[in-house]
Amino acid sequence: MWQTDLVVETRGRGSYEITKQIASAVAESNVESGLCHVFITHTSASLMLCENADPDVRRDLETFMADLAPDGDPRFVHTMEGPDDMPAHVRSVLTQSDLCLPVRDRRLALGTWQGVYVWEHRHDSHRRRLVVTIQGA
Amino acid sequence: MWQTDLVVETRGRGSYEITKQIASAVAESNVESGLCHVFITHTSASLMLCENADPDVRRDLETFMADLAPDGDPRFVHTMEGPDDMPAHVRSVLTQSDLCLPVRDRRLALGTWQGVYVWEHRHDSHRRRLVVTIQGA
Amino acid sequence: MWQTDLVVETRGRGSYEITKQIASAVAESNVESGLCHVFITHTSASLMLCENADPDVRRDLETFMADLAPDGDPRFVHTMEGPDDMPAHVRSVLTQSDLCLPVRDRRLALGTWQGVYVWEHRHDSHRRRLVVTIQGA
Chain V
1 MWQTDLVVET RGRGSYEITK QIASAVAESN VESGLCHVFI THTSASLMLC
51 ENADPDVRRD LETFMADLAP DGDPRFVHTM EGPDDMPAHV RSVLTQSDLC
101 LPVRDRRLAL GTWQGVYVWE HRHDSHRRRL VVTIQGA
Chain W
1 MWQTDLVVET RGRGSYEITK QIASAVAESN VESGLCHVFI THTSASLMLC
51 ENADPDVRRD LETFMADLAP DGDPRFVHTM EGPDDMPAHV RSVLTQSDLC
101 LPVRDRRLAL GTWQGVYVWE HRHDSHRRRL VVTIQGA
Chain D
1 MWQTDLVVET RGRGSYEITK QIASAVAESN VESGLCHVFI THTSASLMLC
51 ENADPDVRRD LETFMADLAP DGDPRFVHTM EGPDDMPAHV RSVLTQSDLC
101 LPVRDRRLAL GTWQGVYVWE HRHDSHRRRL VVTIQGA
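Chains as they are written, first to last, in our numbering: chain V, 1 to 137; chain W, 1 to 137; chain D, 1 to 137.
Hints are not guaranteed to be accurate.
Stated by the list, open to error - Here are the computed distance ranges between Cβ atoms for each label pair:
hint: 1; chain 1: W; residue 1: Pro-70; chain 2: V; residue 2: Asp-71; range: 20 to 26 Å
hint: 2; chain 1: W; residue 1: Asn-30; chain 2: D; residue 2: Arg-59; range: 45 to 51 Å
hint: 3; chain 1: V; residue 1: Pro-83; chain 2: D; residue 2: Tyr-16; range: 46 to 52 Å
hint: 4; chain 1: D; residue 1: Glu-17; chain 2: W; residue 2: Met-80; range: 18 to 24 Å
Hints were generated in silico from the structure; no laboratory data involved. Only a predicted model underlies this, so the values are computations on that prediction, with no experimental measurement involved. Just so it is clear, CB atoms sit at the ideal spot from N, CA and C, and this is done for glycine as well.
Please build the complete structure, drawing on both the sequences and the hints.
Below, the structure is given as structure tokens:
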């Protein structure tokens, strides 16, 4: 059992790859085979496993989400922190706050095209804190 | 390794905070550092990590979901248990049936504004059964 | 700690039940009580816990997703592999790449109506590789 914190500084809405940081944590843990759990301690940013080859995939995901939960949507009552406040919560709820990834041979056993991303849903920059827990033998 | 059941009695569609019950299970497990896994054994209610300060967030999430998968939607064939039957399955599939939460210093290591909720998607009251598994050292 | 691979041959878009294969892995692991983690190593197919009694539920879920992220949607830029390329990524991001299921008495502790499915989001047949990790005592 091995646990550490990870801080990701976002520069507004968009996705930020953290595969290398997670892989480093796995290497440091000395776990040969088991699971790596990643948790984001916020409700207006989330985690995503996504195709890591063509950046257009993540751009299209932004388009999709922006249409599904538009900023300033008059249906939303909770607008304390601005027009992107409630859409950020919706986008978080529709994606993941925690990911659990297999570890094999002291490495993340991801597919060839899978990358791990923090998805910032607010337009402002934020300091996002993650807890990484690695369990195994 | 520690495992227990939790029963949540819902009073129809809406979200019900269970952070305290989960935190109690963690305390009882005596696990100092590890993971707490929460599983809901149903497909018409789900789990959610959500902002726990302003109840309008959860009200807006209801509005969003009610528009996305409307009760009585004529596209749906599976209506055995009524107009909210299929929308409940859609809402479950779009959210979480299991959550895995970090445990640190014998406590849930949640963010300041994160609460754990059972999200009932049916209009009737239901008895929802959860399995809580805590692993660590 | 027990880990194995599972290959699921899909015959195009649709959901394929894998509850029996996962249950067999649990039986083989000899874990009495703990967690079974299922991970799909792709970003255009995903995992789903779904009602396993009436096939119309899964048909309605297809209808819902086809309307939400339509094939050939002109909003999408990433169309390298055809009109179902980007919708497959959207559907994956909105559902699950990993599931964690409780194990009790050497069995999956699922609800009566819960089945585990691979959800193929592409129209062509694919060979989908899963990693199953079982932890416990």
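Hints versus structure:
| no. | hint | in the structure |
| --- | --- | --- |
| 1 | W/Pro-70 x V/Asp-71: 20 to 26 Å | 23 Å, holds |
| 2 | W/Asn-30 x D/Arg-59: 45 to 51 Å | 47 Å, holds |
| 3 | V/Pro-83 x D/Tyr-16: 46 to 52 Å | 41 Å, violated |
| 4 | D/Glu-17 x W/Met-80: 18 to 24 Å | 20 Å, holds |
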